[in-house]
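Protein chains: 2
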Amino acid sequence: MVSVAIMGHGVVGSGVAEIITTHKNKLFNSVGEEIYIKKILDLREFPDSPLADRFTKSFDEILSDREIRIVVEVMGGTNPAYDYVKKCLLAGKSVVTSNKELVAKHGAELLAIAKEQNCNFLFEASVGGGIPIIRPMNQCLVANIVDEVAGILNGTTNFILTKMITDGMNFDDALKLAQDLGFAERNPEADVEGHDACRKICILASLAFGKHVYPEFVHTEGITKIALEDVKFAESYNSVIKLIGRVKRLEDGKLDIIVAPMMIPNSSQLANIDYEFNGIMVRGDCTGDVVFYGKGAGKLPTASAVVADVVDCVKHLKTRKYLFWTDGTDENIIPYTQSQTSMYIRVKSQNKDVAYSKAEEIFGNIKSIERDDVTNDVFAFVTPEMAYEDIEKKIQLLENDNINVLSQIRIGNL
Amino acid sequence: MVSVAIMGHGVVGSGVAEIITTHKNKLFNSVGEEIYIKKILDLREFPDSPLADRFTKSFDEILSDREIRIVVEVMGGTNPAYDYVKKCLLAGKSVVTSNKELVAKHGAELLAIAKEQNCNFLFEASVGGGIPIIRPMNQCLVANIVDEVAGILNGTTNFILTKMITDGMNFDDALKLAQDLGFAERNPEADVEGHDACRKICILASLAFGKHVYPEFVHTEGITKIALEDVKFAESYNSVIKLIGRVKRLEDGKLDIIVAPMMIPNSSQLANIDYEFNGIMVRGDCTGDVVFYGKGAGKLPTASAVVADVVDCVKHLKTRKYLFWTDGTDENIIPYTQSQTSMYIRVKSQNKDVAYSKAEEIFGNIKSIERDDVTNDVFAFVTPEMAYEDIEKKIQLLENDNINVLSQIRIGNL
Chain Z
1 MVSVAIMGHG
11 VVGSGVAEII
21 TTHKNKLFNS
31 VGEEIYIKKI
41 LDLREFPDSP
51 LADRFTKSFD
61 EILSDREIRI
71 VVEVMGGTNP
81 AYDYVKKCLL
91 AGKSVVTSNK
101 ELVAKHGAEL
111 LAIAKEQNCN
121 FLFEASVGGG
131 IPIIRPMNQC
141 LVANIVDEVA
151 GILNGTTNFI
161 LTKMITDGMN
171 FDDALKLAQD
181 LGFAERNPEA
191 DVEGHDACRK
201 ICILASLAFG
211 KHVYPEFVHT
221 EGITKIALED
231 VKFAESYNSV
241 IKLIGRVKRL
251 EDGKLDIIVA
261 PMMIPNSSQL
271 ANIDYEFNGI
281 MVRGDCTGDV
291 VFYGKGAGKL
301 PTASAVVADV
311 VDCVKHLKTR
321 KYLFWTDGTD
331 ENIIPYTQSQ
341 TSMYIRVKSQ
351 NKDVAYSKAE
361 EIFGNIKSIE
371 RDDVTNDVFA
381 FVTPEMAYED
391 IEKKIQLLEN
401 DNINVLSQIR
411 IGNL
Chain F
1 MVSVAIMGHG
11 VVGSGVAEII
21 TTHKNKLFNS
31 VGEEIYIKKI
41 LDLREFPDSP
51 LADRFTKSFD
61 EILSDREIRI
71 VVEVMGGTNP
81 AYDYVKKCLL
91 AGKSVVTSNK
101 ELVAKHGAEL
111 LAIAKEQNCN
121 FLFEASVGGG
131 IPIIRPMNQC
141 LVANIVDEVA
151 GILNGTTNFI
161 LTKMITDGMN
171 FDDALKLAQD
181 LGFAERNPEA
191 DVEGHDACRK
201 ICILASLAFG
211 KHVYPEFVHT
221 EGITKIALED
231 VKFAESYNSV
241 IKLIGRVKRL
251 EDGKLDIIVA
261 PMMIPNSSQL
271 ANIDYEFNGI
281 MVRGDCTGDV
291 VFYGKGAGKL
301 PTASAVVADV
311 VDCVKHLKTR
321 KYLFWTDGTD
331 ENIIPYTQSQ
341 TSMYIRVKSQ
351 NKDVAYSKAE
361 EIFGNIKSIE
371 RDDVTNDVFA
381 FVTPEMAYED
391 IEKKIQLLEN
401 DNINVLSQIR
411 IGNL
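Going down the list, the sequences are from chains Z and F. Here the first sequence stands for residues 1 to 414, numbered as in our numbering. Here the second sequence stands for residues 1 to 414, numbered as in our numbering.
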């Protein structure tokens, strides 16, 4: 019997308790002994829970219990999660977490402590919910040099964008629907501004390239400015707009990393990932593109990933899993202004023909996107690939010529 | 330093040698010691290979070399692979293989020997080439009860079907193109008749449900009878025809397993998996649907999966990986005639209206598939769901009424 503690009894935490209870036999067969929930930390009372006798409000009770070898952290946020997790690891307890904020902010430090203490710090559930991604990247792709990781990493924004694309809803209505259906929080900022996706691509980048990438290193744009007009122009360009987290290694070894809405071609494996689903593409030098798809959030998908990590901890109580990266600085990352991209640009101008010629003069070989159902003063085009800062300068030139730039979205060739 | 031997220096074997050589540093960082190719078994001569001095024609040299702890089997076929692998495992050497025929035919026995000898028998590369699937299923989904596994498991047939769908090529021309491009063998039977896909779904079914499913238990249909007409009717039904290997667990615990071409809706995550790519959907009770996508074959993708297994063996030279299933019989599997399905049926009849009424009378609530560009004597419909044997009886009734059934393809609700 292996004793575990669960810190937090919210959506994911109660799911973890549920799976460990309902899948008892399956888990026993996998690890050869019982996984026993000895303590559950939560400030609230759960008198009707079948595990009511295991609840505690005292973290110290868990920390000081030498029988508890594995601690599950599913509280979310970094305070007090960071402090608690650090103390558990320092006490030699393995920790499993679904907390992407914690891993994105403190992963390198916590991994280093785990290594020193010869215990495990695992976080499969922190990215992609129930989709196996951390472990396959770490193990199955060990014989690959990863060149790029890109994905739809946030189900809330993907749900909103899908509703805009398939039902022609505008952003505000789609967000409200997502909130009504429970896919979006009342305060949706972390999702719609891209912060959640940013934490996840930071974790994947750190894992793929071996050095911690902190969220503040990553240029992050959300989807609040996406207009229905852009969605329709994307359709005419055989593309869809998705919020993409992407990191690629450049030839000089530096990383080009960003979170931003992108127009990706319908032929991309990420284009058909709709609604609350997530999809992650890992490009290896040997495997080529491998894509993982599934529900990126939700009680049981996320909890099942946590439990899989718990199982892995049970199997590796003595031998440590090799999951590690070192600390990193922003010297390893190019400024987003230097990142090469081509850009979709939608403009408004009294004289369309003159404006188009002007755009061609400024940007070079642009591709016009044709649509019948737009007013005579609006058109859109795609620029050649160039540094983002050059695009910004050229957009300024357009504006100087009284050509009003209504929106710009990066082209993602995924 | 860990010494390994590679048996077979064909496409995959030479890829394994190449990756171990070119990714030396990355592998060293993963396992903390050098992976050294001590012997390569092949009857042919490779005087120009940088590893020329490691080649041997004698299996006994490998078997008797106690320094060789891990043996890679990439010869293909079961003779002599089965004999060699068994002897290696009995000698306590861990074995990694990409050989699906070997695993599908002898997996249970070889896993039992590995367990007894406390060594590993791993075969990530046997299904899905470079796509991580065996390990994620075994580990990440450990907290799930798997209900269904379905996939496009053969790149050759998927390439042919994609060419039929997107370019309107007929089967023979698409096959010839696949052969010219090296995607299909000169003797394409194992691919086009579904035997290769069958071996792979057997491996996945054995892993998911814990008992060995032998290929001879599985009703297998290939794609040689698929006509362009059917491809077009599928399009009108918002579907595509794919060769699907599928296994699901019924309520009584028995398995419903089949390999057959199916019409799957365009909205399915498997519908957009085209050309030589593979995709595998695993439906878990907690995760919901998880899909894995990538190149299902090819030198480096497959070899990278083999090397990942080698790395896992190196890390687990003392502690065995828990990957196991027991022997199985066909009592665990329902006859394919009892499997419930709805069916696309294309018929020819002098009097279309009468024939349609007759079909409705026989099958009940059928759905007609409308197309403008067919001759007046041909139509197609989809039946309600019923046992396959009932569909066959009803088709006989149609034929008795001089309604000529030209083709039938299962509907796959994936």
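Don't take every hint at face value.
Unchecked claim - Label-pair distances were calculated between CB atoms; the ranges are:
#1 F/G210 - Z/N238: 57 to 65 Å
#2 Z/K225 - F/E216: 58 to 66 Å
#3 Z/K254 - F/P335: 30 to 38 Å
What the hints assert, rightly or not - No more than 20 Å apart at the CA atoms, straight line, and that leaves these computed lysine to any residue pairs for SDA-like:
#4 Z/K367 - Z/D285
#5 Z/K105 - Z/L255
#6 F/K26 - Z/L255
#7 Z/K26 - F/T166
#8 Z/K348 - Z/Y322
#9 F/K24 - Z/P47
#10 F/K299 - Z/D285
These are calculated hints, taken from the structure and not from any lab test. Predicted, not measured: the structure shown is a model, and the values here were computed from it. Note that the Cβ used here is the ideal one computed from N, Cα and C, for glycine as well.
> Which hint numbers doesn't this structure obey?
Replying inline: 1, 3, 4, 7, 8, 9
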